[in-house]
Structure formats: structure tokens, C-alpha cells
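Colleague: Chain order of the listed sequences is A and B. No gaps in the numbering here: position 293 of the first sequence is 293 in our numbering, and each next residue is one more. No gaps in the numbering here: position 220 of the second sequence is 518 in our numbering, and each next residue is one more.
For the record, the hints were derived by calculation from the structure and aren't laboratory data. Please read all numbers here as calculations on a predicted model, not as lab measurements. Note that beta-carbon positions come from the ideal geometry of N, C-alpha and C, so glycine has one too. Where hints are given, some of them may not hold.
Unchecked claim - Which chain B residues face chain A? A few, computed with CB under 10 Å, are given here: (1) F342; (2) I399; (3) W515.
What the hints assert, rightly or not - Derived DSSO-like pairs: lysine-lysine, alpha-carbon spacing no greater than 27 Å straight-line: (4) A:K22 - A:K51; (5) B:K504 - A:K22; (6) B:K326 - A:K198.
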Amino acid sequence: MAAPTVSESLGRFAPSPARRRKDRAARTTILVATLVALVPLAFILYFLLSKGLSAWFTSGFFTTDPTGNTFFAHSSIGGIKSAILGTIEMVALASVISIPLGVGVALWLVEYGRGTIYANVVRFFVDVLTGVPSIIFGLFIYIVLIVGTGSSYAGYKGALALSLLMLPIVIRSAEVILLLIPDSLRESALALGAPRWKVIFSVVLPTALPGMLTGMLLAVARAAGETAPLLFTAAATNSTTFNLGGFMNSLPVQIYNDVTSPTPSVVNRAWGAALTLVALIFLLNLVARLVSRRSRLR
Amino acid sequence: MAATTLPARDGSLLQRSRAARAPDSALKWGLTILSGLILLLILFFFISLYRQARPAFAQFGVFGFTFDNNWNVSHNEFGALALLVGTLITSGVALIIGVPIAVATAIYITELAPRSIRTPVTVLVELLAAVPSVVYGLWGIFVLAPHLQGIEQWFANTFSFIPFIGGGTVTIPNLFIAGLVLAIMILPIVSAISREVMSTVPPDQKEAMLGLGATRWEMIRTAVLPYCRSGITSGAMLGLGRAIGETIAVTILVGDSPLMPKHLFEQGYSLAAVIANEFGEAQGLHRSALFAAGLVLFVLTLLVNGLARLIVMRSSRSSRIKRQSNAPAAGAAEIPVGAA
Numbered sequence: 001m002a003a004p005t006v007s008e009s010l011g012r013f014a015p016s017p018a019r020r021r022k023d024r025a026a027r028t029t030i031l032v033a034t035l036v037a038l039v040p041l042a043f044i045l046y047f048l049l050s051k052g053l054s055a056w057f058t059s060g061f062f063t064t065d066p067t068g069n070t071f072f073a074h075s076s077i078g079g080i081k082s083a084i085l086g087t088i089e090m091v092a093l094a095s096v097i098s099i100p101l102g103v104g105v106a107l108w109l110v111e112y113g114r115g116t117i118y119a120n121v122v123r124f125f126v127d128v129l130t131g132v133p134s135i136i137f138g139l140f141i142y143i144v145l146i147v148g149t150g151s152s153y154a155g156y157k158g159a160l161a162l163s164l165l166m167l168p169i170v171i172r173s174a175e176v177i178l179l180l181i182p183d184s185l186r187e188s189a190l191a192l193g194a195p196r197w198k199v200i201f202s203v204v205l206p207t208a209l210p211g212m213l214t215g216m217l218l219a220v221a222r223a224a225g226e227t228a229p230l231l232f233t234a235a236a237t238n239s240t241t242f243n244l245g246g247f248m249n250s251l252p253v254q255i256y257n258d259v260t261s262p263t264p265s266v267v268n269r270a271w272g273a274a275l276t277l278v279a280l281i282f283l284l285n286l287v288a289r290l291v292s293r294r295s296r297l298r
Numbered sequence: 299m300a301a302t303t304l305p306a307r308d309g310s311l312l313q314r315s316r317a318a319r320a321p322d323s324a325l326k327w328g329l330t331i332l333s334g335l336i337l338l339l340i341l342f343f344f345i346s347l348y349r350q351a352r353p354a355f356a357q358f359g360v361f362g363f364t365f366d367n368n369w370n371v372s373h374n375e376f377g378a379l380a381l382l383v384g385t386l387i388t389s390g391v392a393l394i395i396g397v398p399i400a401v402a403t404a405i406y407i408t409e410l411a412p413r414s415i416r417t418p419v420t421v422l423v424e425l426l427a428a429v430p431s432v433v434y435g436l437w438g439i440f441v442l443a444p445h446l447q448g449i450e451q452w453f454a455n456t457f458s459f460i461p462f463i464g465g466g467t468v469t470i471p472n473l474f475i476a477g478l479v480l481a482i483m484i485l486p487i488v489s490a491i492s493r494e495v496m497s498t499v500p501p502d503q504k505e506a507m508l509g510l511g512a513t514r515w516e517m518i519r520t521a522v523l524p525y526c527r528s529g530i531t532s533g534a535m536l537g538l539g540r541a542i543g544e545t546i547a548v549t550i551l552v553g554d555s556p557l558m559p560k561h562l563f564e565q566g567y568s569l570a571a572v573i574a575n576e577f578g579e580a581q582g583l584h585r586s587a588l589f590a591a592g593l594v595l596f597v598l599t600l601l602v603n604g605l606a607r608l609i610v611m612r613s614s615r616s617s618r619i620k621r622q623s624n625a626p627a628a629g630a631a632e633i634p635v636g637a638a
């Protein structure tokens, strides 16, 4: 340990006790604040597990639909099968819509529009889209597809609202990855005589794909947890359906509806559904992290 | 055998045929149009919201709707001031509580934490962002709010001399709890942006401070924080935008009272919450008023986010100029083009 001797020999340059106390106090405050920031996560996970797991083990939790019966504690309230399947269906459709469109816009921003004013305008509006509250997407889809067509709620309308929400996330994350691809790679392909579109499809995209996957998965995770855009687009229903043209249940909306119930067993189902949703989202986040670690572009 | 003749082309030998070039321009224009659709989308957003909101605006006037304090569904009177105030109070509480803690986590992660625990702490803070809004609402209303009610009541009684905070009875859903949960929800984004700017502080500036004999905290206060001020500000603004637009957690936690709040620990409402709560059964003018509330919310988030981006743009420009004047010889080469 060389430190004490050095500080002894340089004693007169060392900070005064008052300054050192201040330093220690500030550092402790920062450490405590960081711990305070992590307390809610610990509490949320604790309560999710302690209350959610007991709901998971009630019979038929994953295999039955909610019965819609919420007032009589002794009758069966049902499980969350339709909510899980509805979330998966709508998020899958939203991904199918938003990922190709988002990657397309990102490709244009990086491969064609780089440095142009138009690209900056597009980028600005993508940022604007990031900041739009999710309930506004729901209202928008409601106006266009429900007021506009005179029809009612439907799963695909919920999926469209979710895809609007995912779009800016996909665009910005894909853009960041595309910018990381060295120009020398593009230039060597062009020098070999490949046309631009071939460079994009057989050099740029395959190189960027693993990296872009991370952003896509995070966008999917974000969409899976959103309630507000679904309230007035897909609404909620009890039964499991694979018809995206009809009302569709989803985990967040199921939780939201159960929260307001006065019946303890229904609230318990909300905890179980919340644990399911959080497990799903954390899993997507975990996969995203693993993918980004394996990707060469970071 | 006759001498082979090259097929007649109008271009040079090296040029591709028209057919071979077609997919190239098709892709280019396709993608250009696609990105133009983003602009159209936002314009369309605005117009369609406005068209639905027009009956309410025609009845009460744009200013009358936004700044009148009377949200009365049964009398068909709609002035959104109390909702606007509720939105601003909850997001204000979120900023006051959330931003200092978020900045502290960012300082801890970038400057103080041992290298081995940096990534785990970062991941944990980011996991806060992964928890869905409705789960925050569920946890807030069944766990946090009942447990904090006693403390809030004590606080309101002890500080009863402070207007707006003291006095009054504490209800379980209230403006403060909604703001507190919003603080947790904006923490990850403010922390992530602060961390990002803190990692751009030139190491030589930090080392110079330490070399002059500064303690760690003095180094952070004099070298790191001033350098990051505008970055942290814009992070806080983005967090504010999040908090203003957050719907479901607030809807569950804020209660549903469309009256002007008299103190912090009573029920209130917010622009987003009123839409989520009342839209389902709204008809006619009521529905139009909810669309108008959505439009006000939309414009508010646009302003806040626009301001945040503006701060980022201005700060990156001024730091570029600073860097240039500090190192005139090497300055020009380092300027990143179009950094945003």
C-alpha cells in the first residue's frame, strides 16, 4: 500500500478536513439517491411476485377466459387466456406493420438522405412522433378507423395504434445501427459493380440486422405494455378470438379493467396478469440485450 | 464467324441498361415517399384531431376551452383549466422528485461507481422503463398509496402553514401520489440522457481538476455538472413530456375530480386521464370536448419536446464553438457534421 506514504509526504497539499467532509457527504448523498431510485423496482418486483404467483396457481389461470363475472366472489371469474393471446396477436400484427416501414425510413435517412435538409426535417418529425402521448395514437386511430368508417372496435385497429407507437422507436434505433456500418463496406460493394439496391439488400441490411433486432425487440416490449392506445381501438372482450376484425382482449386492458373492481379475487387476477405481462416484457428485454451483446456493431 | 458487334446502347459500355437501373430508382423514390408519409401522418393527426374538436372549440372558443374552470358533463359545460392544472401539478411533482434522483444515479454510474457494478446498476435503472404504465398504476393504488397515506397526512398536518400543501385530508388517490409514481416512471429516461452527456465530458478537464487538488465532489461540481447543464435540462424536458402524456398510471392514481385542486393531497384529474376515463361513454359535445382535451395535450407535449430539442441543438452548437476556440489548431477537423 503506497497510498498512505504518498499522502503523508504530500500532506500539505491534501484537502482540508472540511472539504473532505463535504466530499464524503456529497458522495454519500449520491449513493443514497441511487439506492432510492432502485427501491421502487425492488418493491414492484416483490409485490408482483408475492401477489402474482398466488394468482398464477389458481386453477385455469392460463387456460380459461375471463367470465366477465366480477361481483360475486364465490363464482368463478376465469383466467387470462384471451388477454395473453390478444396481446400476442395485436403486437405481432403491429410489428409486421411497423418494422418494415420503420427500417425503410431509416434506410432512406442513412443511405439516401444523409445530410439533406429533407432528412433533417424527417428526423425532427420522427422525434416529434416519439414524444406524442400514447393515448393520442388511440384517439387518432379512433377518428380515422372508427368514426371515419362508422364501424366498431377491432383488434387490427388496436394493432395499428400500437404500430404508430412503435414506428419512431424502430426508425431511430435502426438509424443508429445503420450509421455504424463503415462506409468502406458500401464503397467496396459499389466498386465491384453492385447497384445501390443490391448493396443495401445484400451488404448493408445483413450486416445491420443483428443490431437492429435489439431496437425492434425493445419496440415490441414497449408496445406490449401499452394500455392507452388500445382502450378505444380494440376495446376488450372476454372470449379468445383469432379474428382481428372483432373486439380483442389484451393483458394491459384486462389489468386496467380489473384494477377498478371491488372484488378481491378480480384484483388478484390483475396481479397475476401484471406478473405475466412484466415477465413477457422482461424476457423481451433480456433477449434484446443478449442479441446486442452478440452483434458486432454496438 | 462474323465479328461480334456490341449491342447498340446510348450510354457508355459501363452503364447499366435502363431495366437494370430501374430497381435502384424505384427503391430510392419508394423510400423517399415512405419517409415523406411520416410528415403527412403528423399533419393528418393534427387536422383530424382538430376537426373532431371543432364543435367544442366553436362553443367555448379555443381560449375559453383551455382556460375556463368548469368541467361539468351534466351541464354540457367544458373548460379544461382544472385538468390542465392537474396535468401540470402531477408532472411538476414528478420533475421535482425525479430529476435530482435521476441526475444522482447518472453521476454515480459515470463518476463514482466501481467499474464492476456500473453495468448492473445501469440495467436496473433501465428496467424501471420496462415496467408497463398499468403495472405502475396497479402497484401505486394497492401498495404505495395506502402505505404512504399516513405519512402524507402527517406531512400535510405538520406543514399546514404552507399554502396548497398543508391542511386538508389526504385521500388515497391524489395528485401527489400520481406525481410520485410519474417521478419513478421518468427516472430512467432522465438518467439515461444525463449519463449520455456526462460521458461526453472531456477526461482531460476532469483530470485537470483532480490534478489541481480537487476532491471528487469538487471535480463533479466544477467540471462535470456545468458542462452537462443543458444536456440535463433537455433530459428533464423530455421527462416532462413523458409525464404530461402519461395516461394510465395517472388515471388510476389521480382520482377523477374535475374541480380545481385546493391542495396537493386531494383528488384531481389530468388531461390524459379525463380522456381515458370518460371517452367510453361520451356523446356529442362531451366527446368533442375530449378530443379538444387531446389536442391541448398534443400541443403541450409538442411544445415541451420541441423546447427540449432546441436546447440540445443550441448546446451542441455552443459546445462546438467552445471547443473550436479552445483548440483553434485542431478545432475544425473535430466538428461533427449534423450531430443531433
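Colleague: All hints are to be evaluated individually against the structure, with a verdict given for each.
Modeller: Do the hints match the structure? See the list:
{"no.": "1", "hint": "F342", "result": "holds, 8 Å"}
{"no.": "2", "hint": "I399", "result": "holds, 5 Å"}
{"no.": "3", "hint": "W515", "result": "holds, 4 Å"}
{"no.": "4", "hint": "A:K22 - A:K51", "result": "violated, 43 Å"}
{"no.": "5", "hint": "B:K504 - A:K22", "result": "holds, 19 Å"}
{"no.": "6", "hint": "B:K326 - A:K198", "result": "holds, 12 Å"}
Hint 4 from the list above is the single one not met by this structure.
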